Amino acid sequence: MIALLAVIRRDVSLVLRRPSDAVSVILFFILAIVLFPLGIGPELNILARISAGTVWVVALLAVMLSLDRLFQVDADDGSLDQLLLVPLPLEAIVFAKIVAHWIVTGVPLIIAAPILSLLLNMDGKGFLVMVLAMTLATPTLSLIGAVGAALVVGTRRGSVLISLLVLPLLTPVLILGASAVDMVLTGLDATPLLMLLGALLLIAIVLCPWAAAAGLRLVQE
Amino acid sequence: MAICLVSFPIGLYLALVGSPPDYEQRETVRIMYIHVPAAWLALFSYTSMACACAIAVIWRHPLADVAARSIAPVGASFTFICLVTGALWGQPTWGTWWVWDARLTSVLILFFLFVGYIVLFDSFDDPTKGARAAGILAMVGIVFVPIIKFSVDLLELRTLHQGASVSKLSGPSIHSTMMWPLMAMTIAYTAYFVGVVLIRMRSTIIAARLRSHRVMLAQQVAQSPRNRE
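Order-wise, the sequence lines are chains A and B. Numbering follows the working numbering, in which position 103 of the first sequence is assigned residue number 103; successive positions increment by one, without gaps. Numbering follows the working numbering, in which position 178 of the second sequence is assigned residue number 178; successive positions increment by one, without gaps.
In short, the hints are calculated from the structure, not lab data. Computed from a predicted model, the values in this text were never measured in an experiment. Hints are not guaranteed to be accurate.
[As the list claims (entries may be wrong)] Just so you have them, the derived chain B footprint on chain A, three or more residues with Cβ under 8 angstroms:
1) 151-161
2) 210-217
[Stated by the list, open to error] Cβ pair distances, simulated, as ranges:
3) GLY198(A) with ASP125(B): 39 to 45 angstroms
4) THR93(B) with ILE115(A): 42 to 48 angstroms
5) ILE142(B) with GLY78(A): 31 to 37 angstroms
6) TRP97(B) with LEU4(A): 33 to 39 angstroms
7) ILE30(A) with GLN219(B): 53 to 59 angstroms
8) THR93(B) with ILE30(A): 41 to 47 angstroms
9) THR96(B) with LEU5(A): 26 to 32 angstroms
10) TRP180(B) with LYS125(A): 52 to 58 angstroms
11) LYS149(B) with PRO89(A): 30 to 36 angstroms
12) ASP122(B) with GLY78(A): 22 to 28 angstroms
13) LEU88(A) with ASP101(B): 43 to 49 angstroms
14) GLY95(B) with ILE115(A): 37 to 43 angstroms
15) MET183(B) with LEU27(A): 53 to 59 angstroms
The beta-carbon is built from N, C-alpha and C at its ideal position, and this holds for glycine as well.
Chain A on its own, in the form it takes in the complex:
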């Protein structure tokens, strides 16, 4: 347990020392959302209609961008081999790295999402559901993304490849999350969808560290 906290602390402090990696993810999030009103036109009704979905899609893409940092940086300087030799189960170490990744990318996204949906003129009653759904979904995004990141560690052009592999697997999360916010905006109850998001998160917590660890082991042989 202490060792897992040490892994989390290591990853977070590595990012804090060079914040440009994490900050660039948030900047991308902001910029990409700003592009939508510029492209679609400033009419507020249309922006309000698409606000939920747009914020979710851009959040997904922002998480995709940050994923190749998860294992590739460690693989480049050799610490991944050291982590593979630690007597702890590899699944636990992978889980700790995913938690650190979520702290650094997911939490800022959760905080920024309601603020940015103001830019897209989202109605106020959607904010709470947006934050709740994002809190449930961003760990799932990190978990499933980690499986993709583990599989492409040995290849060239890993970041583009991660997006191609992981985006199809993330579509249920996207559909559920965007629908949850849309349902609240139209006055219906979104609790079943939030429950489904929670279920996906629980399944991902169980299966994804195992799959990512298997990927790391098989590819690093």
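Given chain A's structure and the hints, the job is docking chain B onto it.
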């Protein structure tokens, strides 16, 4: 044996497309004979690819990697045929080329899973590593196959796509004059699938053998007495 399996369906294709039973209303319904077996085969090929990957990862059978890599493009083609014929059929009957309901979306995702498998496999320099990595991806994606299978039944009231008429618990509800050509086309598609996958596997193994022969030959030339000076 592979040649025999491939020629059998070619004959059947021509026989069936030439003479399905007559319809009172629309000739376009004949696209069903191409679209439905393609959909079935797409799901079947993804399942068999995931099984091959599981066998490769668990038991390290040497042919399992080759089999999975050979199935992937065939499965991708069947999925593509299913999507395109579905769109061509949907335009005159539903009035739209595409609609974002559960079944069409999940089949589209299946197509991307096939393509992702091929791309991941080929992006590794070492084919063994590529096989392992792509195998894990294929096994993770197996969750989509039940989603596709049951997506139409679960949401039948809210989607344009027709519900299940063949594999229902109460027996098929499709008329026998349409059932027989459909089954025959399915058998033809399956035979095509088996034949083509076997041919691809054979060619992959032969290519690997050629490579190792070439490497051995180069080594012999490099070590021959003439070159040692």
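Verification of the supplied hints:
no.: 1; hint: 151-161; in the structure: holds (count 7)
no.: 2; hint: 210-217; in the structure: holds (count 3)
no.: 3; hint: GLY198(A) with ASP125(B): 39 to 45 angstroms; in the structure: holds, 41 angstroms
no.: 4; hint: THR93(B) with ILE115(A): 42 to 48 angstroms; in the structure: holds, 46 angstroms
no.: 5; hint: ILE142(B) with GLY78(A): 31 to 37 angstroms; in the structure: holds, 34 angstroms
no.: 6; hint: TRP97(B) with LEU4(A): 33 to 39 angstroms; in the structure: violated, 51 angstroms
no.: 7; hint: ILE30(A) with GLN219(B): 53 to 59 angstroms; in the structure: holds, 58 angstroms
no.: 8; hint: THR93(B) with ILE30(A): 41 to 47 angstroms; in the structure: holds, 45 angstroms
no.: 9; hint: THR96(B) with LEU5(A): 26 to 32 angstroms; in the structure: violated, 54 angstroms
no.: 10; hint: TRP180(B) with LYS125(A): 52 to 58 angstroms; in the structure: holds, 57 angstroms
no.: 11; hint: LYS149(B) with PRO89(A): 30 to 36 angstroms; in the structure: holds, 35 angstroms
no.: 12; hint: ASP122(B) with GLY78(A): 22 to 28 angstroms; in the structure: holds, 27 angstroms
no.: 13; hint: LEU88(A) with ASP101(B): 43 to 49 angstroms; in the structure: holds, 45 angstroms
no.: 14; hint: GLY95(B) with ILE115(A): 37 to 43 angstroms; in the structure: holds, 42 angstroms
no.: 15; hint: MET183(B) with LEU27(A): 53 to 59 angstroms; in the structure: holds, 57 angstroms
Consistency note: the structure conflicts with the earlier hints numbered 6, 9.
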